[in-house]
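Take a look at the letters that make up each chain.
Number of protein chains: 2
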Amino acid sequence: MAKKATSGGTKTARDTGGRTNARIKARDAETQSKIVTLADNVAKRALSGAEPVITVPTRTKSNTEWNAKKGILQMGKGAQERQLFNLSQAKSFMQTMLHSSSIKDLIAAEKTLSLRGMFYKGLHTVAGTKEKTFQDQDESDGILEDLEVSLGALREELHIFAKKAGTIVGNITLVDSGDEIDCRRMGSGGYAIPSIVESDIMQFKKCDAKFVLHVEKNTVWSRFNEDRFWEKHNCILTEGGGQPPRGVRRLLRRLNEELGLPIYCLLDCDPWGHYIYSVMKQGSISLAFESERLAIPSAKFIGIRAKDYYECELTDDVQIALNDTDIKRAKEIAAYPWFEKHKGWQREIDAMLKNGFKMEVESLITKDISYVTEEYVPERLRKRDWLD
Amino acid sequence: MAKKATSGGTKTARDTGGRTNARIKARDAETQSKIVTLADNVAKRALSGAEPVITVPTRTKSNTEWNAKKGILQMGKGAQERQLFNLSQAKSFMQTMLHSSSIKDLIAAEKTLSLRGMFYKGLHTVAGTKEKTFQDQDESDGILEDLEVSLGALREELHIFAKKAGTIVGNITLVDSGDEIDCRRMGSGGYAIPSIVESDIMQFKKCDAKFVLHVEKNTVWSRFNEDRFWEKHNCILTEGGGQPPRGVRRLLRRLNEELGLPIYCLLDCDPWGHYIYSVMKQGSISLAFESERLAIPSAKFIGIRAKDYYECELTDDVQIALNDTDIKRAKEIAAYPWFEKHKGWQREIDAMLKNGFKMEVESLITKDISYVTEEYVPERLRKRDWLD
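Residue numbers (my numbering), protein chains in the order written: chain A, 1 to 388; chain B, 1 to 388.
Think of the hints as simulated: they come from the structure by calculation, not from any bench. Idealized CB from N, CA, C, for every residue including glycine. Do not rely on the hints blindly, as some may be mistaken.
Simulated pairs of lysine-lysine, DSSO-like, Cα-Cα distance not exceeding 27 Å [said to hold, decoys possible]:
no.	chain 1	residue 1	chain 2	residue 2
1	A	Lys130	B	Lys307
2	B	Lys367	B	Lys77
3	A	Lys163	B	Lys367
4	A	Lys367	B	Lys91
5	A	Lys104	B	Lys77
6	A	Lys343	A	Lys69
7	B	Lys367	A	Lys130
8	B	Lys34	B	Lys77
9	B	Lys77	B	Lys61
10	B	Lys163	A	Lys232
11	A	Lys367	B	Lys132
Which stretches of chain B does chain A cover? Using the computed rule of at least three CB atoms under 8 Å from a CB of chain A, they are [said to hold, decoys possible]:
no.	stretch
12	22 to 35
13	40 to 47
14	159 to 165
15	266 to 276
To give a feel for the contact side, a few chain A residues facing chain B, derived at Cβ under 7 Å [what the hints assert, rightly or not]:
no.	residue
16	Leu123
17	Ala127
18	Thr129
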């Protein structure tokens, strides 16, 4: 595999032009050394007659802790051993080694691969058996997450990318893989946010924007872009296609952390919108080990709020009745430790339950086509009327 | 509604800078006159004591014809009257009038709206009743398609956009809403293809590319972009997130028609991949009235082919068993008039059924990470080995 390290030739030549090649190399060298250490430890134990074993931190709810001080979800100290000579662990042990080896190849070849690609790369029939190395992609994806936490290296650092989603426009110039992306000149389509946005791939060049407005849906984004909201209000406008993927979350986190930009989230008034906000702000259980690099504890929920029905004098056309699942989900979210002690959020979820209905951002169109861009958001910003 | 025609001010000012404002205005004027004519005819009938009625071409399978000469699906001559004084038609008659009026407002305000937005814009309780104007968005979407065919105006011309999906990079410079988009300098993310790509919004400025490679999934697109396939092979690289939305299909059609670029499609070897190709090439039943502007009769299917399993010496790791639904679907597709008489496609579908398995583009990774970009596609192009 990865037999053609030279095939990255054009790309490497390009890198010297624009990309901070030295930074990529340093990061890759560090990741490689982590993988080699992992393999060395296994080999050492084997050669000394001990059983080969690796330790994998546990990615479960019970091993997830709420760090109130930092305002993020974090992984606890729980870890499991994965032994080669244990019938129930041998397969995942070997899968972990197999993917480690693939990643080493990837890094050496200076290439990245999708999660699906990694599944195929590792897939083969185990010699002398009829057994496949992986049952399905889910099994492969799980092993990759194990590797992330075991190695303490992000998926991006392992050269693995996911399906991308999300777009950006606004008063910022990015440099992505050596190309200068002026987000002020991105027409009606916008720049597609890539899956990997680490600082060695993407740099911030010139930013005039004072904040980021992140909206849930790309149709809402188009409304804001068409009204040139980002130009009038000197900001950056992003969307993540619903629950934003890691690339979008990481980019927002970097904009917040490195450039000090506040992040305002315009999401639907429903449990899904609240959950998206919760994940963006605090992180998620399944990716708790990533919170330190993905969560944005200072992110603000600018709306839609349950009170808007009355304050904005909306008609009942905007009402979408809460169903049983919604109500159950809303109560679960209200019980999250970071919402449980937050009076504003308790009131918000309570008000939504009392309303008995959800509201979408797009329903503000019942007031006027551009009500959301010209009145709603500007007023919320001016009055500093948000939940955080 | 649309009370703020002035709010398009910044945009309009911008237009004079880059956008071909005159062309947009001419198109909008034409669409407006179509809507006014529709309304005038209704008013005239009413004033002369006759029953208000509109005629809507029928969008059904039975009213879809295969035009073998043009190589596209077309809508037949079937049409239905929609009468105001008919209990079963009164509601859809009024819905059609309501949406016509909204579109007139939209065009006057120089704004565009999403399908969901149109639903909300038209939604209200009918005066003196407890009846809502629309049951749900599906009902609203259907009326908008009716209007497209009745008026002979594309959804884009009615100022309505859909969720966008798809990205582009390559040897072309686009101008979108006055912004120059150099697709050679789009980093790892690419330019997000907007929902509306008509020539008054998007122009082709400088194109050196000799063809377009369209791939099914955005993860595959990332592999080709990272290997800078478009640079090495002087082409344009696009993806449409599975079944490409109208914006992507229209853009490809324009690249094919206006710049004479051949379109090569790299899709999975499964009924879904074959269906995507069929829609891109011939059009679909539900959008048959659009085929003349969306279909690309000369589009070529470059792979994955059933024979590749043997020719590329793949292992059984790439096999995904066909299930009953797949088999049924494959037989349906084989019976499409444009596939039925096409020996190549009959052989292709037959070979897939004989194989008994599907294959994804990403499964070529089992050969090598960049096998698909460095060997598979270049060889197919060199040998002119495709289905068309």
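Consistency of the hints with the structure:
1. A:Lys130 with B:Lys307: holds, 24 Å
2. B:Lys367 with B:Lys77: violated, 51 Å
3. A:Lys163 with B:Lys367: holds, 22 Å
4. A:Lys367 with B:Lys91: At roughly 23 Å apart (the allowed maximum being 27 Å), lysine 91 of chain B and lysine 367 of chain A satisfy the hint.
5. A:Lys104 with B:Lys77: Answer violated: lysine 104 of chain A to lysine 77 of chain B is near 62 Å, above 27 Å.
6. A:Lys343 with A:Lys69: holds, 17 Å
7. B:Lys367 with A:Lys130: With a Cα-Cα distance of about 20 Å, the restraint between lysine 367 of chain B and lysine 130 of chain A holds, given a limit of 27 Å.
8. B:Lys34 with B:Lys77: holds, 20 Å
9. B:Lys77 with B:Lys61: holds, 12 Å
10. B:Lys163 with A:Lys232: holds, 24 Å
11. A:Lys367 with B:Lys132: Between lysine 367 of chain A and lysine 132 of chain B the Cα gap is close to 17 Å, so the pair holds against 27 Å.
12. 22 to 35: With 0 residues closer than 8 Å to chain A, the stretch 22 to 35 of chain B misses the three-residue bar; violated.
13. 40 to 47: It is violated, with 0 qualifying residues against the three required.
14. 159 to 165: holds (count 4)
15. 266 to 276: As far as the stretch 266 to 276 of chain B goes, the hint is violated, because 0 residues have Cβ atoms under 8 Å from chain A.
16. Leu123: holds, 4 Å
17. Ala127: Where the cut-off is 7 Å and the nearest Cβ of chain B is about 13 Å from alanine 127 of chain A, the hint is violated.
18. Thr129: violated, 13 Å
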